[in-house]
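Asker: So you can see what is in the structure, the chains are spelled out below.
There are 2 protein chains.
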Amino acid sequence: MADITRITPNTLINAERVEGTSVYNPQGDKLGTIDDIMLDKVSGKAIYAIMSFGGFLGIGEKYHPIPWSALNYDESKGGYVVNLDKRMLEAAPTYDMDEDFHWTPDYGRQVDRYYNAPTYW
Amino acid sequence: MADITRITPNTLINAERVEGTSVYNPQGDKLGTIDDIMLDKVSGKAIYAIMSFGGFLGIGEKYHPIPWSALNYDESKGGYVVNLDKRMLEAAPTYDMDEDFHWTPDYGRQVDRYYNAPTYW
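Line order of the protein sequences matches chains A and B. Mind the numbering: the first sequence is residues 1 to 121 in the working numbering, read in order. Mind the numbering: the second sequence is residues 1 to 121 in the working numbering, read in order.
These aren't lab readings, by the way, just hints derived from the structure by calculation. Idealized CB from N, CA, C, for every residue including glycine. There's no promise every hint is true.
[As the list claims (entries may be wrong)] Derived coverage of chain B by chain A (criterion: at least 3 residues anywhere in the stretch with Cβ under 8 Å from a Cβ of chain A; other residues may be distant): (1) 15 to 23; (2) 33 to 43.
[As the list claims (entries may be wrong)] A short, non-exhaustive set of chain B residues, derived as facing chain A with CB atoms under 7 Å: (3) LEU12; (4) ALA46; (5) TRP68; (6) TYR73.
[Stated by the list, open to error] Capping the alpha-carbon separation at 30 Å, the derived lysine-lysine pairs in DSBU-like fashion look like this: (7) B/LYS86 <-> A/LYS41; (8) B/LYS77 <-> A/LYS41; (9) A/LYS41 <-> B/LYS62; (10) A/LYS62 <-> A/LYS45; (11) A/LYS45 <-> B/LYS86; (12) A/LYS86 <-> B/LYS45; (13) A/LYS77 <-> A/LYS30; (14) A/LYS86 <-> B/LYS41; (15) B/LYS45 <-> A/LYS77; (16) A/LYS45 <-> B/LYS45; (17) B/LYS30 <-> B/LYS77; (18) A/LYS77 <-> A/LYS62; (19) A/LYS30 <-> A/LYS62; (20) A/LYS41 <-> B/LYS30; (21) B/LYS30 <-> A/LYS45; (22) A/LYS41 <-> A/LYS62; (23) B/LYS45 <-> A/LYS30; (24) A/LYS30 <-> B/LYS41; (25) A/LYS45 <-> B/LYS41; (26) B/LYS41 <-> A/LYS41; (27) A/LYS62 <-> B/LYS41; (28) B/LYS41 <-> A/LYS77; (29) A/LYS45 <-> B/LYS62; (30) B/LYS77 <-> A/LYS45; (31) A/LYS62 <-> B/LYS45; (32) A/LYS86 <-> B/LYS62; (33) A/LYS86 <-> A/LYS45.
When you get a sec, could you build the whole thing from the sequences and use the hints?
Answerer: Structure below.
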């Protein structure tokens with residue numbers, strides 16, 4: 001779908017526009033980019049943002065699932081802010097981009113625990 | 001992002017997988033396809049599904065925003081079911097696919113009223 005829907009600030013955003021949105025730490029350093037969103041199929045609630053942190057030409061790059069509740073949208077930055085440092089992200093649960101990944105409740109709980117987020121599972 | 005994340009049934013789905021999911025009426029006729037999702041930027045909640053209903057080669061095709069609460073996921077169909085007939089959809093609020101559309105609270109309220117959905121605005 002072409003990116004033709006402009007939105008009112010502070011309200012709605014297309015899922016296709018979230019993909020590619022930058023993620024910053026509270027100091028304003030860019031940490032990475034949102035690649036996809038995982039939604040609860042029934043309620044439509046975003047549960048995880050799937051982020052990447054800039055591997056070199058995508059080689060060996062990992063996806064970092066982050067609980068949606070750990071993201072705060074910052075209108076002035078036009079992106080999301082997470083209260084995490086790079087070291088914490090580097091040690092976080094990930095999966096390979098080229099892996100045929102099976103998301104399980106156990107994996108989800110591990111992610112939620114790591115970020116100290118209320119668990120979805 | 002490649003479509004590499006398989007999901008556990010009944011739980012999570014990638015936003016990129018929702019795009020392209022079929023929409024049926026309760027009789028099982030395919031009405032159209034979800035093209036995008038509009039999310040609340042802060043809460044991450046899906047508010048509208050943006051659907052298209054199969055225009056000829058996309059010419060003159062329209063987007064139909066549908067309140068997310070009007071969609072029910074049907075595991076057996078692998079798609080969403082809406083309790084609407086084609087005539088109601090044909091008379092629904094739409095916008096042109098090639099339009100630089102400005103989504104306003106007034107337009108949102110009009111959509112919510114049409115589908116008798118709790119309003120987001």
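Asker: Now tell me, hint by hint, if it's right for this structure.
Answerer: Structure-based check of each hint:
no.	hint	in the structure
1	15 to 23	holds (count 4)
2	33 to 43	holds (count 9)
3	LEU12	holds, 5 Å
4	ALA46	holds, 3 Å
5	TRP68	holds, 5 Å
6	TYR73	holds, 5 Å
7	B/LYS86 <-> A/LYS41	holds, 24 Å
8	B/LYS77 <-> A/LYS41	holds, 13 Å
9	A/LYS41 <-> B/LYS62	holds, 25 Å
10	A/LYS62 <-> A/LYS45	holds, 24 Å
11	A/LYS45 <-> B/LYS86	holds, 27 Å
12	A/LYS86 <-> B/LYS45	holds, 27 Å
13	A/LYS77 <-> A/LYS30	holds, 10 Å
14	A/LYS86 <-> B/LYS41	holds, 24 Å
15	B/LYS45 <-> A/LYS77	holds, 21 Å
16	A/LYS45 <-> B/LYS45	holds, 4 Å
17	B/LYS30 <-> B/LYS77	holds, 10 Å
18	A/LYS77 <-> A/LYS62	holds, 25 Å
19	A/LYS30 <-> A/LYS62	holds, 17 Å
20	A/LYS41 <-> B/LYS30	holds, 19 Å
21	B/LYS30 <-> A/LYS45	holds, 25 Å
22	A/LYS41 <-> A/LYS62	holds, 24 Å
23	B/LYS45 <-> A/LYS30	holds, 25 Å
24	A/LYS30 <-> B/LYS41	holds, 19 Å
25	A/LYS45 <-> B/LYS41	holds, 11 Å
26	B/LYS41 <-> A/LYS41	holds, 18 Å
27	A/LYS62 <-> B/LYS41	holds, 25 Å
28	B/LYS41 <-> A/LYS77	holds, 13 Å
29	A/LYS45 <-> B/LYS62	holds, 26 Å
30	B/LYS77 <-> A/LYS45	holds, 21 Å
31	A/LYS62 <-> B/LYS45	holds, 26 Å
32	A/LYS86 <-> B/LYS62	violated, 44 Å
33	A/LYS86 <-> A/LYS45	holds, 27 Å
Of the numbered hints listed earlier, the single one contradicted by the structure is hint 32.
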